[in-house]
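As a plain string of letters, each chain reads:
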Amino acid sequence: MHSDILIKNGHIIDPSQDIDVVGDILIENGKIIELRVKSSESGVKDNSKLKTQNSKLKIIDATGLSVLPGLVDMHVHLREPGFDYKETIKTGTMAAVKGGITSVCCMPNTNPVNDNETVTEFILRKTYAEGACYVYPVGAITKGQKGEELAEMGMMKDAGCVAFSDDGRPVMSSLIMRRALEYSKAFNVPVISHCEDMNLSEGGVVNEGRLSAQMGLKGIPSASEDVMVARDIILAELTGGRLHIAHVSTEGSVRLIRQAKERGVNVTAETCPHYFTITEDSVKGYNTNAKVNPPLRTQKDVEAIIKGLKDGTIDAIATDHAPHHRDEKLQEFDKAPSGISGFETALSLSLRLVYEGILTMSQLVEKMALVPARILGIDAGTLKVGFDADIAIVDMNKEFKVESEKFLSKGKNTPFEGWTLKGMPVITICKGKVYDWRIDE
Amino acid sequence: MKDLVGIKELSKGDIELILNTASSFKDILKRDIKKVPALRGKTVVNLFFEPSTRTKTSFELAEKRMSTDVLNFSVPTSSVVKGESLFDTVKTIEAYGVDFIVIRHSSSGVPHFIARNVNASVINAGDGINEHPTQALLDAFSIIEKKGSLSGLKVAIVGDILHSRVAKSDIFLLSKFGANIRLIGPPTLIPDIADRNVEVFYEMDNGLEDADVIMMLRIQIERQGRGFFPSTLEYFRNWGLDMRRLKLARKDAIVMHPGPMNRGIEISSDVADSSQSIILEQVTNGLAVRMAVMYLLSGRNEDA
Chain A
1 MHSDILIKNG HIIDPSQDID VVGDILIENG KIIELRVKSS ESGVKDNSKL
51 KTQNSKLKII DATGLSVLPG LVDMHVHLRE PGFDYKETIK TGTMAAVKGG
101 ITSVCCMPNT NPVNDNETVT EFILRKTYAE GACYVYPVGA ITKGQKGEEL
151 AEMGMMKDAG CVAFSDDGRP VMSSLIMRRA LEYSKAFNVP VISHCEDMNL
201 SEGGVVNEGR LSAQMGLKGI PSASEDVMVA RDIILAELTG GRLHIAHVST
251 EGSVRLIRQA KERGVNVTAE TCPHYFTITE DSVKGYNTNA KVNPPLRTQK
301 DVEAIIKGLK DGTIDAIATD HAPHHRDEKL QEFDKAPSGI SGFETALSLS
351 LRLVYEGILT MSQLVEKMAL VPARILGIDA GTLKVGFDAD IAIVDMNKEF
401 KVESEKFLSK GKNTPFEGWT LKGMPVITIC KGKVYDWRID E
Chain B
442 MKDLVGIKEL SKGDIELILN TASSFKDILK RDIKKVPALR GKTVVNLFFE
492 PSTRTKTSFE LAEKRMSTDV LNFSVPTSSV VKGESLFDTV KTIEAYGVDF
542 IVIRHSSSGV PHFIARNVNA SVINAGDGIN EHPTQALLDA FSIIEKKGSL
592 SGLKVAIVGD ILHSRVAKSD IFLLSKFGAN IRLIGPPTLI PDIADRNVEV
642 FYEMDNGLED ADVIMMLRIQ IERQGRGFFP STLEYFRNWG LDMRRLKLAR
692 KDAIVMHPGP MNRGIEISSD VADSSQSIIL EQVTNGLAVR MAVMYLLSGR
742 NEDA
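Residue numbers (the numbering used here), protein chains in the order written: chain A, 1 to 441; chain B, 442 to 745.
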């Protein structure tokens, strides 16, 4: 089934091997079997081992392009089972692959909730049949995500879950969160915390501040995130469990996580492109496509998050891809569901950090592939020989306009509609299949 | 201008035009025959998703005075209870060929959402905790009638600013015209509206000193017990307007209230009924202002 592929002359960026140089990659049976970098400008002289005589060999000329490990997105919503009208495993994974993402972690807030091995198995079976990329389910921390009783973490881990989270809703009980962090140690899995104090955020739909007062919208204060980040850090310290903070949106969270890391607490954190790219101003005019939870914050928060990415406080960039149906967003602002369809803009938005000199390309790949894979303990995010050939080939100079109608995701809900972005994946290789996105044009 | 969604969206010139036009309509309201044919043949739908007696009555009477055909659409009898989306409801109404949609809704931003999606003129009759622009316009009209202008006036707005769309619209309007605004109330009910024309007072006596205008807001009794204030008794003691406090303001200060009043909770009866109270005049002016808004949005002033 798999054809052999030679990616020639691309700029390979693989922080797992400290590679940031032009070279070739040979793929056989969906695995990387050889990676060869050009030691000097004269290029690779000895091509003998790269079996170019293979007549079935597909050659991809990557001259002028960047070759990265396929991205690992540790926070996504694929909506299946239960919300197929928003997204399915099939459409969601295709959209991910379009965005250069080859592994995703789907959150458990489906219907039924992924709080038992049967649902986990369903997701994996569906992925096997229809998924364009690898799907690593995240199981619920508590049964029904109700925050009351622990779900069967051990059995779900055996079935294929790589982490646990009640994402979408916080575990409000400090006692249950303590137990989750403690119990999960038996399986060496991270507990991903959606940090929101629901008493403080009650009824809120945007960031609390001057703008919410002006627009007459109920606000969610930064404190609702900060107090839970603080609580969970303290509980991680108490228990020694592996805490991962989801979608960091506030300056306060960044500060708390930085301090915790300095103390040696076992904590990691992610943020999303919208939290370091836009502010609450995007909701002006009651734009429901900019309604997201946690809400878009202020310029001060954006700057703190960028600083946190730069100094390593924030380990990973995830999309929190949250597709919704058009009709759901075409509603009263209060009623419209929160979420942004993020797969097909994430890499391009994140590349802005590279163009602005905040991160090196290698650091960006770390945050979008290598580190998330490490946190999750999955074999991905690297171009090492012997690993699956999950690869994103990116044209760093190509400019394009964000047109949600062209998204492969069913979710067209983006606040970036009409933006011109630079840098996009032009070829994605995943599960031995080559997707050449240039062909459509 | 197609719609009136909020004071925020209006320029000073727009507001002046509305107030001047309202003045002509007020003259008409003093006549024996109060109806004018200005908008004959136009259709208005009053789309009220929230219970309202006075605003709805005021709009309806203003609409009738302007000779429009009036359709009333209220929630309990509509298909909204059958699960129809707001978008579909509004599109259906538009298909009847209405010219104006007067909308009241408990969610902020709904008038903006509707205005984006229909050709009819949308008039905001109160959206969530955002704005109630015709109330602010009638308040401004009423103040100018008594005080001549807004600029430099000391206007105290007292009560639940946080949840009051009336207060928001008043603040935006008064600020545009250079009034000195004092917000008075418990810290739990005063939002972060920083503006060079706005000062915040938690202590009512200080805030009322030398005020030219005192605008009282209705306190929603449900807020008690939700952590905003402990009891109506304590509320009245700290932020209720009684005769003693009224004397702290200027002698010629006027007292306003958008209604309906809670006598004994935010305002004492003797103040409400005093000669300084212009609460009932506000009601009359509301008609003139709403007539003016419809007239200007119809564009008929430009045809003339």
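Everything labelled a hint here was simulated from the structure, so no lab data went into it. Be aware that a few hints might be false.
Straight-line C-alpha distance at most 25 Å; calculated SDA-like pairs for lysine to any residue [claimed, not checked]:
#1 A/K335 to B/D636
#2 B/K595 to B/K617
#3 A/K384 to A/Y435
#4 A/K335 to B/S526
#5 A/K58 to A/K98
#6 A/K335 to A/K422
#7 A/K218 to B/F670
#8 B/K532 to A/E405
#9 A/K284 to B/D633
#10 A/K284 to B/S710
#11 A/K422 to A/V434
#12 A/K284 to B/V559
#13 B/K692 to B/N560
Bear in mind that the values here come from a model prediction, so they are computed numbers and not experimental data.
Results for each hint:
1. A/K335 to B/D636: Between A/K335 and B/D636 the Cα gap is close to 30 Å, so the pair fails against 25 Å, i.e. violated.
2. B/K595 to B/K617: It holds: about 14 Å lies between the C-alpha atoms, which stays within 25 Å.
3. A/K384 to A/Y435: holds (21 Å)
4. A/K335 to B/S526: Measuring from Cα to Cα gives roughly 11 Å; hence the hint holds.
5. A/K58 to A/K98: holds (20 Å)
6. A/K335 to A/K422: violated (34 Å)
7. A/K218 to B/F670: Since the Cα atoms of A/K218 and B/F670 sit roughly 18 Å apart, the hinted pair holds (cutoff 25 Å).
8. B/K532 to A/E405: Holds, at about 23 Å.
9. A/K284 to B/D633: holds (17 Å)
10. A/K284 to B/S710: violated (42 Å)
11. A/K422 to A/V434: holds (22 Å)
12. A/K284 to B/V559: holds (19 Å)
13. B/K692 to B/N560: violated (49 Å)
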